[in-house]
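So you can see what is in the structure, the chains are spelled out below.
Protein chains: 2
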Amino acid sequence: MKLEQIPVVAQYQPAPAAMLSGNARVLLCEIAECLQKLLDCGENTTIDLLAMPLNAVDLDWLRERLGQGEVRITLEADGESTLQETNCQGVWWVQHHNPAGGVMSAFIEITPVPDLVRAHKDDMQSGLERLKWLINDLN
Amino acid sequence: MKLEQIPVVAQYQPAPAAMLSGNARVLLCEIAECLQKLLDCGENTTIDLLAMPLNAVDLDWLRERLGQGEVRITLEADGESTLQETNCQGVWWVQHHNPAGGVMSAFIEITPVPDLVRAHKDDMQSGLERLKWLINDLN
Chain A
99 MKLEQIPVVA QYQPAPAAML SGNARVLLCE IAECLQKLLD CGENTTIDLL AMPLNAVDLD
159 WLRERLGQGE VRITLEADGE STLQETNCQG VWWVQHHNPA GGVMSAFIEI TPVPDLVRAH
219 KDDMQSGLER LKWLINDLN
Chain B
99 MKLEQIPVVA QYQPAPAAML SGNARVLLCE IAECLQKLLD CGENTTIDLL AMPLNAVDLD
159 WLRERLGQGE VRITLEADGE STLQETNCQG VWWVQHHNPA GGVMSAFIEI TPVPDLVRAH
219 KDDMQSGLER LKWLINDLN
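Chains A and B, in that order, give the protein sequences. Note that the working numbering has the first sequence beginning at 99, numbered continuously upward. Note that the working numbering has the second sequence beginning at 99, numbered continuously upward.
No wet-lab data here; the hints were simulated from the structure. Please note that a few of the clues may not be correct.
As the list claims (entries may be wrong) - In silico DSS-like cross-links for lysine-lysine, where the CA-CA straight-line distance does not exceed 27 Å: (1) K230/A to K135/B; (2) K219/B to K219/A; (3) K219/B to K135/A; (4) K230/B to K219/A; (5) K219/B to K230/B; (6) K230/A to K219/A; (7) K230/B to K135/A.
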């Protein structure tokens, strides 16, 4: 039999549920508790996904369950950061990449808005200095 | 003389400074005053660009002066909204588009973070309900 005679059929292989460690389910419950805490006390939580005992199938399963919301934030500074709102508002999937595009860190943030997006007072003071410089440059 | 004999030379035409209405310069000063107010009193300002006497050259001039910062936010809901941080932190260029991609509205927002990005309490309550539904669905 020649190589070209062997029939090749591409099949979609769903992630086998058997490979789930069980930790992703536990984490889903923890995210719900954190969101309840945010609603009750205004307390934000950050969960470091790469520091937890989660395998690749767990991460895919979790990401699929949480879904994708309307807001997507990208931040360019020494590699791209993406902050994707999930379909559960108040829960964000945050990833930081190195300049080559590799994932350096991944977090779940439970917050109304990730802190990284907010311009802080020092930043705004620099922004004002820049504006004044632009205005002076016109004269 | 035939049509093909007429020499055609493509030239880059910079936006003529003479077409600037002068209002963009005034607006740049107003933006600086608003940013000072935000730093002093925490007061946010929204400027409706399409409601102001600015022509297309003014808008291009203003956008070029303000520049592009690190953070870009996109929001998908009945057309895309883009919220681009300018190079002057605390100043955002916000545009809402219709589903066909046309610009419906354009604003300068002077704020640490545009309100549209923030998950509000009702949204987070819905997010929590969705999480509880996901968790119940696992059992």
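Here is how each hint holds up against the structure:
no.	hint	in the structure
1	K230/A to K135/B	holds (14 Å)
2	K219/B to K219/A	holds (25 Å)
3	K219/B to K135/A	holds (12 Å)
4	K230/B to K219/A	violated (37 Å)
5	K219/B to K230/B	holds (17 Å)
6	K230/A to K219/A	holds (17 Å)
7	K230/B to K135/A	holds (14 Å)
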